[in-house]
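**Q** Using the sequences and the hints given, assemble the complete structure.
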Amino acid sequence: MKFFTLPRLSDVFRFFGFGLMLLATVPAFAQFRIEVSGVGLTQVPVVIAPFKGQEALPQKISEIIKADLERSGQFRVIASPAGVFDESSRPELSSLRQSGADAFASGSATKLADGRFDVRFRLWDVVKGQDLGGRSFAVNASDLRLAAHRVADDIYEKLTGDKGVFSTRIAYVTKAGQRYQLWVADADGENAQSALASPEPIISPAWSPDGNQLAYVSFESRKPVVYVHNVGTGKRRLIANFKGSNSAPAWSPDGATLALTLSRDGGSQLFLLPTAGGEPRRLMQSSSIDTEPVFSPDGQHIYFVSDRGGSPQIYRVAANGQGAQRITFTGAYNISPAISQDGRWLAYISRVNGAFKLHLMNLAEGTVTAMTDTAADESPSFSPNGKMLVYATQQQGREALMTSTLDGKVKARLSGQQGDIREPHWGPFFK
Amino acid sequence: MKNLVLAGVLSIFLAACGTSVPLTDVPVADATAKEVGADAGAAGSGVQSGGVAPVDLGASPDQVFGSNESRVVYFDYDSFVIRPEFQSLIAEHARYLRAQPARRVALEGHTDERGGREYNLALGQKRAEAVRNALSILGVSSGQMEAVSFGKEKPAVAGTDETAFAKNRRVEIRYP
Numbered sequence: 001m002k003f004f005t006l007p008r009l010s011d012v013f014r015f016f017g018f019g020l021m022l023l024a025t026v027p028a029f030a031q032f033r034i035e036v037s038g039v040g041l042t043q044v045p046v047v048i049a050p051f052k053g054q055e056a057l058p059q060k061i062s063e064i065i066k067a068d069l070e071r072s073g074q075f076r077v078i079a080s081p082a083g084v085f086d087e088s089s090r091p092e093l094s095s096l097r098q099s100g101a102d103a104f105a106s107g108s109a110t111k112l113a114d115g116r117f118d119v120r121f122r123l124w125d126v127v128k129g130q131d132l133g134g135r136s137f138a139v140n141a142s143d144l145r146l147a148a149h150r151v152a153d154d155i156y157e158k159l160t161g162d163k164g165v166f167s168t169r170i171a172y173v174t175k176a177g178q179r180y181q182l183w184v185a186d187a188d189g190e191n192a193q194s195a196l197a198s199p200e201p202i203i204s205p206a207w208s209p210d211g212n213q214l215a216y217v218s219f220e221s222r223k224p225v226v227y228v229h230n231v232g233t234g235k236r237r238l239i240a241n242f243k244g245s246n247s248a249p250a251w252s253p254d255g256a257t258l259a260l261t262l263s264r265d266g267g268s269q270l271f272l273l274p275t276a277g278g279e280p281r282r283l284m285q286s287s288s289i290d291t292e293p294v295f296s297p298d299g300q301h302i303y304f305v306s307d308r309g310g311s312p313q314i315y316r317v318a319a320n321g322q323g324a325q326r327i328t329f330t331g332a333y334n335i336s337p338a339i340s341q342d343g344r345w346l347a348y349i350s351r352v353n354g355a356f357k358l359h360l361m362n363l364a365e366g367t368v369t370a371m372t373d374t375a376a377d378e379s380p381s382f383s384p385n386g387k388m389l390v391y392a393t394q395q396q397g398r399e400a401l402m403t404s405t406l407d408g409k410v411k412a413r414l415s416g417q418q419g420d421i422r423e424p425h426w427g428p429f430f431k
Numbered sequence: 432m433k434n435l436v437l438a439g440v441l442s443i444f445l446a447a448c449g450t451s452v453p454l455t456d457v458p459v460a461d462a463t464a465k466e467v468g469a470d471a472g473a474a475g476s477g478v479q480s481g482g483v484a485p486v487d488l489g490a491s492p493d494q495v496f497g498s499n500e501s502r503v504v505y506f507d508y509d510s511f512v513i514r515p516e517f518q519s520l521i522a523e524h525a526r527y528l529r530a531q532p533a534r535r536v537a538l539e540g541h542t543d544e545r546g547g548r549e550y551n552l553a554l555g556q557k558r559a560e561a562v563r564n565a566l567s568i569l570g571v572s573s574g575q576m577e578a579v580s581f582g583k584e585k586p587a588v589a590g591t592d593e594t595a596f597a598k599n600r601r602v603e604i605r606y607p
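Those protein sequence lines, which keep their order, are chains W and B.
Here the first sequence stands for residues 1 to 431, numbered as in my numbering.
Here the second sequence stands for residues 432 to 607, numbered as in my numbering.
Simulated from the structure, these hints should not be mistaken for lab results.
There's no promise every hint is true.
As the list claims (entries may be wrong) - Quick look at which bits of chain W chain B covers, simulated, 3 or more residues with Cβ under 8 Å:
hint	region
1	238 to 245
2	264 to 273
3	289 to 295
Backbone N, C-alpha and C fix where the C-beta goes; we use that ideal spot for every residue, glycine too.
**A** The following block contains the structure:
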């Protein structure tokens, strides 16, 4: 077991400006069903003590942290020893070692005079007997969940060396009767807030790189058109309403360009459109279906789906439209590409014996792994640290959103919504 | 703009296979009273002297294509080919649109529920464009038509069997 002892983080509070953007909150407890399958899991055994003062709160800080850490697949939560702990407690390391714990976190939540809450924590390396540091967050009551996710992010980063994604957001779409809604939720599916409600379908939401805007396809004008929507202000901009269908928006990493599919000149073809407005520029000319573009994280390439070879397959082309080459070769139906932030992984949906299944390709080696036992997987999207995936599927005939680790061994169903739920897209880290 | 449809010629046209009728035979003229009078008095206009030339000022699309069957084209699985049984339906819409050049039409493609949403949107688009192209060959101006797709988002019927799927693989011809 390795620990990464990082320098204490003292000035990382800027993100709260964004966190406070959306305020309305329905108190709710995480209700995860985490499936663990397979052997050979390497998980850090960790104790998260109940936060002192959380009994009085609608949000049980330690429960949110535990669920976050377990969902990541990298931690195994061990029961906390009896007693009350906070961020200044020095845990009994010998008994923690005996219980098998490698790390211990404790903290508190205290109401401040101005009505906000001060959430503090400290993390210990139980094996080395070392204080790994802590932090404090002053938040409104509506942001207690966010504070818990921030604590989980810190613990995750200190123990794995990778940035945590628990305080990031996921957009998704629900359908209840004839009402479609676009939601922005915490990465655990909780605290969902409606960004758009419509009597007509909404598909393909895509976060802007700064995490402030969503591009999506709306059918509200009885045809597919693409909007860019500022989720903080609710301001919407109709960015692609050309003759025919407008769909499949994808942001360039610098946020300046949307790649999208237009049929204005006939056929479904890829175009690049400046997000500031302007004329779309055709990326390629083909007589086939070209759709579902997605930029590589360096912005140099665009992955997309084309049936130019007779069946839908995933291709990659330079961002200038040159040198398209096929990426998937197994199976006759491979769609919905997503690329991890490190550029190493391609997630996509492949039809296997009539079932649509999430697959993961190691792009350097070309090896492919089937990730699920479900049969109607859709719309994979990577967490911004590239360690998890979110995707839509069906369980017992109902639509569901799932997260999965990249080895497929730990999956969790995101909680929160009644009715059909689909089209997840995992947002970026807040800058 | 008002139009005159010569119903007698039209009925012959209806009986014929749509694609075999030369496009130059389109029986349409301006529906002004003056022209009707001129036509009635002119020899060799197709109306016998002493007869009565029926004048039809046209119908709303709902009257002409009231039933669902008259405005939906169904497709085979993974296919964009217009089946022969829908040729006459498309020919009727072509006649209507040629007669009413100010009228616009939306060709709305749909797929069954299998597969991805965006790829199905592209497949539905291909079906809508197949119908658009068929109408274009029959002389409908491209400015009148817009081919769009709903992919699998708006199934006509619920269900996960082939009967339902076959009802959902379609292009709806809609007059806004």
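**Q** Next step is simple, just say for each hint if it's right about the structure.
**A** Here is what the structure says about each hint:
no. : hint       : verdict
1   : 238 to 245 : holds (count 3)
2   : 264 to 273 : holds (count 3)
3   : 289 to 295 : holds (count 3)
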